[in-house]
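There are 4 protein chains.
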Amino acid sequence: MRFNISSELHYKIEAPSTIILNVHALQTASQEVVEESFSIEPHVSHEHFVSQSGDNRFVRLSTGDAKELVIRYRAHVNRTHELVPAAKLTQVAVKQMDSSVIPYLFPSRYCQSDKLSRLAWKMFGEIPDAYQKVAAISDWIFENVEYLRGSTDSQTSAFETITERAGVCRDFAHLGIAFCRALTIPARYFTGYAHQLEPPDFHACFEAYIGERWMLFDATRLAPLNGLVRIATGRDAADAAVAPIFGGV
Amino acid sequence: MRFNISSELHYKIEAPSTIILNVHALQTASQEVVEESFSIEPHVSHEHFVSQSGDNRFVRLSTGDAKELVIRYRAHVNRTHELVPAAKLTQVAVKQMDSSVIPYLFPSRYCQSDKLSRLAWKMFGEIPDAYQKVAAISDWIFENVEYLRGSTDSQTSAFETITERAGVCRDFAHLGIAFCRALTIPARYFTGYAHQLEPPDFHACFEAYIGERWMLFDATRLAPLNGLVRIATGRDAADAAVAPIFGGV
Amino acid sequence: MRFNISSELHYKIEAPSTIILNVHALQTASQEVVEESFSIEPHVSHEHFVSQSGDNRFVRLSTGDAKELVIRYRAHVNRTHELVPAAKLTQVAVKQMDSSVIPYLFPSRYCQSDKLSRLAWKMFGEIPDAYQKVAAISDWIFENVEYLRGSTDSQTSAFETITERAGVCRDFAHLGIAFCRALTIPARYFTGYAHQLEPPDFHACFEAYIGERWMLFDATRLAPLNGLVRIATGRDAADAAVAPIFGGV
Amino acid sequence: MRFNISSELHYKIEAPSTIILNVHALQTASQEVVEESFSIEPHVSHEHFVSQSGDNRFVRLSTGDAKELVIRYRAHVNRTHELVPAAKLTQVAVKQMDSSVIPYLFPSRYCQSDKLSRLAWKMFGEIPDAYQKVAAISDWIFENVEYLRGSTDSQTSAFETITERAGVCRDFAHLGIAFCRALTIPARYFTGYAHQLEPPDFHACFEAYIGERWMLFDATRLAPLNGLVRIATGRDAADAAVAPIFGGV
Numbered sequence: 010m011r012f013n014i015s016s017e018l019h020y021k022i023e024a025p026s027t028i029i030l031n032v033h034a035l036q037t038a039s040q041e042v043v044e045e046s047f048s049i050e051p052h053v054s055h056e057h058f059v060s061q062s063g064d065n066r067f068v069r070l071s072t073g074d075a076k077e078l079v080i081r082y083r084a085h086v087n088r089t090h091e092l093v094p095a096a097k098l099t100q101v102a103v104k105q106m107d108s109s110v111i112p113y114l115f116p117s118r119y120c121q122s123d124k125l126s127r128l129a130w131k132m133f134g135e136i137p138d139a140y141q142k143v144a145a146i147s148d149w150i151f152e153n154v155e156y157l158r159g160s161t162d163s164q165t166s167a168f169e170t171i172t173e174r175a176g177v178c179r180d181f182a183h184l185g186i187a188f189c190r191a192l193t194i195p196a197r198y199f200t201g202y203a204h205q206l207e208p209p210d211f212h213a214c215f216e217a218y219i220g221e222r223w224m225l226f227d228a229t230r231l232a233p234l235n236g237l238v239r240i241a242t243g244r245d246a247a248d249a250a251v252a253p254i255f256g257g258v
Numbered sequence: 010m011r012f013n014i015s016s017e018l019h020y021k022i023e024a025p026s027t028i029i030l031n032v033h034a035l036q037t038a039s040q041e042v043v044e045e046s047f048s049i050e051p052h053v054s055h056e057h058f059v060s061q062s063g064d065n066r067f068v069r070l071s072t073g074d075a076k077e078l079v080i081r082y083r084a085h086v087n088r089t090h091e092l093v094p095a096a097k098l099t100q101v102a103v104k105q106m107d108s109s110v111i112p113y114l115f116p117s118r119y120c121q122s123d124k125l126s127r128l129a130w131k132m133f134g135e136i137p138d139a140y141q142k143v144a145a146i147s148d149w150i151f152e153n154v155e156y157l158r159g160s161t162d163s164q165t166s167a168f169e170t171i172t173e174r175a176g177v178c179r180d181f182a183h184l185g186i187a188f189c190r191a192l193t194i195p196a197r198y199f200t201g202y203a204h205q206l207e208p209p210d211f212h213a214c215f216e217a218y219i220g221e222r223w224m225l226f227d228a229t230r231l232a233p234l235n236g237l238v239r240i241a242t243g244r245d246a247a248d249a250a251v252a253p254i255f256g257g258v
Numbered sequence: 010m011r012f013n014i015s016s017e018l019h020y021k022i023e024a025p026s027t028i029i030l031n032v033h034a035l036q037t038a039s040q041e042v043v044e045e046s047f048s049i050e051p052h053v054s055h056e057h058f059v060s061q062s063g064d065n066r067f068v069r070l071s072t073g074d075a076k077e078l079v080i081r082y083r084a085h086v087n088r089t090h091e092l093v094p095a096a097k098l099t100q101v102a103v104k105q106m107d108s109s110v111i112p113y114l115f116p117s118r119y120c121q122s123d124k125l126s127r128l129a130w131k132m133f134g135e136i137p138d139a140y141q142k143v144a145a146i147s148d149w150i151f152e153n154v155e156y157l158r159g160s161t162d163s164q165t166s167a168f169e170t171i172t173e174r175a176g177v178c179r180d181f182a183h184l185g186i187a188f189c190r191a192l193t194i195p196a197r198y199f200t201g202y203a204h205q206l207e208p209p210d211f212h213a214c215f216e217a218y219i220g221e222r223w224m225l226f227d228a229t230r231l232a233p234l235n236g237l238v239r240i241a242t243g244r245d246a247a248d249a250a251v252a253p254i255f256g257g258v
Numbered sequence: 010m011r012f013n014i015s016s017e018l019h020y021k022i023e024a025p026s027t028i029i030l031n032v033h034a035l036q037t038a039s040q041e042v043v044e045e046s047f048s049i050e051p052h053v054s055h056e057h058f059v060s061q062s063g064d065n066r067f068v069r070l071s072t073g074d075a076k077e078l079v080i081r082y083r084a085h086v087n088r089t090h091e092l093v094p095a096a097k098l099t100q101v102a103v104k105q106m107d108s109s110v111i112p113y114l115f116p117s118r119y120c121q122s123d124k125l126s127r128l129a130w131k132m133f134g135e136i137p138d139a140y141q142k143v144a145a146i147s148d149w150i151f152e153n154v155e156y157l158r159g160s161t162d163s164q165t166s167a168f169e170t171i172t173e174r175a176g177v178c179r180d181f182a183h184l185g186i187a188f189c190r191a192l193t194i195p196a197r198y199f200t201g202y203a204h205q206l207e208p209p210d211f212h213a214c215f216e217a218y219i220g221e222r223w224m225l226f227d228a229t230r231l232a233p234l235n236g237l238v239r240i241a242t243g244r245d246a247a248d249a250a251v252a253p254i255f256g257g258v
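If you read the sequences in order, they're chains Z, L, V and W.
Note that the first sequence covers residues 10 to 258 in our numbering.
Note that the second sequence covers residues 10 to 258 in our numbering.
Note that the third sequence covers residues 10 to 258 in our numbering.
Note that the fourth sequence covers residues 10 to 258 in our numbering.
One or more hints might be untrue.
Pairs count within a copy or across copies, as identical chains cannot be separated in the list.
[What the hints assert, rightly or not] Listed below are the simulated DSS-like cross-link pairs for lysine-lysine, each with C-alpha atoms no more than 30 angstroms apart in a straight line:
1) Lys76 - Lys97
2) Lys21 - Lys124
3) Lys97 - Lys21
4) Lys97 - Lys131
5) Lys104 - Lys124
6) Lys104 - Lys131
7) Lys21 - Lys76
8) Lys76 - Lys124
9) Lys104 - Lys21
If you're looking for bench data, these hints aren't it; they were derived computationally from the structure.
Isolated chain Z, as found in the complex:
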């Protein structure tokens, strides 16, 4: 399936800063970037680099004395989808897990799986099948957490969302990740472009490692899973934020 994606970011800058942009579509086995363009207006010095763990494509730019910046990214992306029979998506035992996957078992800033452990086992521990387990987590979040713009901020974490029961896609993803990790299923944060999201925006979901592959789940049900173009993955939004800014406070 072919996607045309585009994004435009506007910044007002108070002091010279460095921004690490995370807007480029990934190049993976199932996602081919056919053509893309990237521009910064006015032109400021920047460089492209790839994250060490994972393949996230970053742009690091220095604002210099610019007071405003407009960043545009456009791409044509081909995605292929492999249908994996659910029966194959079994739990991978820690003793057989590839070492690159193990960090996604540990708690992270916004996914305090260590605090949700007893709860996760009570709620989902008895579902024997790994795929069914993660699907049940995703369904439960959809049914029990309200999608409510403005109810959370950039410091909100899964530990709050599980009780406060409201949030946006970022919070839904963090909660899904925290539950999976609490159940010894590796899970990571996914950001991407969503095809049919209204209003169009970056979207966040989560991936669980089952059947020795990363499977995507969207607890918000806002975008069809085959309508997402991958930008980045990380342990949580701290790793995969769209554009962290480092400047004077």
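Starting from the known structure of chain Z, fit chains L, V and W onto it as the hints suggest.
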């Protein structure tokens, strides 16, 4: 300098589990493992592997039906120490930072640098020199946080320690890391064997990335910095725990 | 029904302190203190007083230079029990609530009902009958929170217990109170002597204001409700602690 | 000194609710309400009552089917000010404290003095004089916490403010209260009309019990202390909110 280190861990096991042990001394440019021995009694299946990011040496073992396990590790380690003039330990700008270092700028499970940002700038923001800044952080923690066994647990984080003002080496390290990251200085968690710690134990400190190298700081002042043998580094204790256990709850 | 109760508290004292003891059985319409004795050994200066709101009977004592104190309280108490038909235990509307009851609608230190609001309505909001609602809360806590000595401490609050799912009687009571208040049902903390608790100890439960009276619920199910002798009530354990101590740190 | 105060509150109502209004100036020894008017438009059923502990004057109103309400309160208030020599404002020992004051020693929803204990003693414990101690607390908050509209919400508590270092008058007051209680100085929340606040608004401060009287402190320094007309006091904003609303969620 040469160190003889040894550790012995005892486990009682209720249900078959997988343990990821993190007790081996690292092999680095400044730390040579001359000789080592590792044993598990009774013998259970296990494998050695190295973490993807960083060089941590792990052992993954499956307890099988064993009810008790004794794990012993002994090593002779040579460490060399390079004296770096403090004047060279300047702050590395984000725009010049190696991409492998960038993840250590982000908040993590136990180091919520995003929540400590305003505080860190108020307390240390005006110290111009990077080495002086991190030294001031380490001194401040030593002077203002009480070393108190039993005052914290495995869920305690920097956000609590900054107010509750008590903890153990793990908490001191987390707080140091959170302050550094809040000031855009990459920082990571260090675990090692401490030469003269009483009682002898694993020790935790933190490293800050200044002058394009990782410099070690110990806010507890319990062990001389040149008496530490490195086991592992990570974003925080979630990454570099001595022995996370994955079993039925 | 007649109860013989006794308690003995032992203190080691490092610096002269003031202790506010909260161990005396209350004198109420349904609870008659027939006979009681109270002693402090060695004798130190103390005075009895009654809390302004509520009828809690306190003893305020100054340790002076005593290094150890033994406090003994014994009483014979008659309790009568009125059977109230559940049908009468209807919700009292805020607009008809006695003003003395209104403070028990607000969140308190360990009962953050403001944070549990959306959750409480999702879980129990559709149960029309007030008694059934509180009974469902109490049952849910019993079934979903594990009674686990040592899993919590004096700073643990309902906001943690709802996720961590473990605690002692104090935590069970705080969670019950938080749920009730979130549903606009006044609720308060109850401490008392439990007749058949093993090991014998002070016990904590919660009371909900329904049908214009305070009804007792014990989410731990550790003690029969008609086997409890009331010592005190308060907004939560901050108000009704057995013996807060005020001394040098 | 004579004050003319007025307030006007506008509500949009979605479902029939009960509102407990807390806008009437208090009648106290040092504050005389010479004349006042109160109106609700359209007229809905309501009643005046006084809180059990303290003298807060509430209005409880039922919105009925009204879709909008405008509430107006105007008053002429005379305030007298007694000058108390600082030397008289000594700490009151717990053993000599009036029992009505004791509840203000305990932690409350937004003032977790139990968590700030070690910090408070480190920061202010060595100041011998009680008035100087509370003044130092108030000064410290003014100098170290940024007054920043929109940085906090109705769930923010002192435990967050001490680290995040930003807030509004409510947050400044909660932090002052938490510090005082941690130092065994009773403290309570004060809401009032501020004479010269720009924009005119309700204001919140805190009172500390020293020298056997309640002394007012304003860590925001936004309003002169002798320009405040008292509406209510309470343990914290949970008790003394301007207008909690109880309706369907």
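Hints and how they fare:
1. Neither within a single protomer nor between protomers do lysine 76 and lysine 97 lie at most 30 angstroms apart by alpha-carbon distance, with minima of 53 angstroms and 33 angstroms respectively.
2. Taking the shortest Cα distances, lysine 21 and lysine 124 sit within 30 angstroms of each other only across copies (23 angstroms), while inside one copy they are farther apart (39 angstroms).
3. Taking the shortest Cα distances, lysine 97 and lysine 21 never come within 30 angstroms of each other, neither inside one copy (49 angstroms) nor across copies (34 angstroms).
4. Proximity of lysine 97 to lysine 131 under the C-alpha cut-off of 30 angstroms is restricted to the intra-copy arrangement: shortest distance 25 angstroms within a copy versus 35 angstroms between copies.
5. Only within a single protomer do lysine 104 and lysine 124 lie at most 30 angstroms apart by alpha-carbon distance; the minimum there is 23 angstroms, versus 36 angstroms between protomers.
6. When the C-alpha separation of lysine 104 and lysine 131 is checked against a cutoff of 30 angstroms, the pair qualifies only within one copy, where the shortest distance is 24 angstroms, while the shortest distance between copies is 39 angstroms.
7. For the homomeric pair lysine 21 and lysine 76, the shortest alpha-carbon distance inside one copy (6 angstroms) is at most 30 angstroms, but the shortest distance between copies (41 angstroms) is not.
8. Taking CA atoms no more than 30 angstroms apart as the test, lysine 76 paired with lysine 124 passes between copies only; the shortest distance there is 27 angstroms, against 43 angstroms inside one copy.
9. Taking the shortest Cα distances, lysine 104 and lysine 21 sit within 30 angstroms of each other only across copies (19 angstroms), while inside one copy they are farther apart (49 angstroms).
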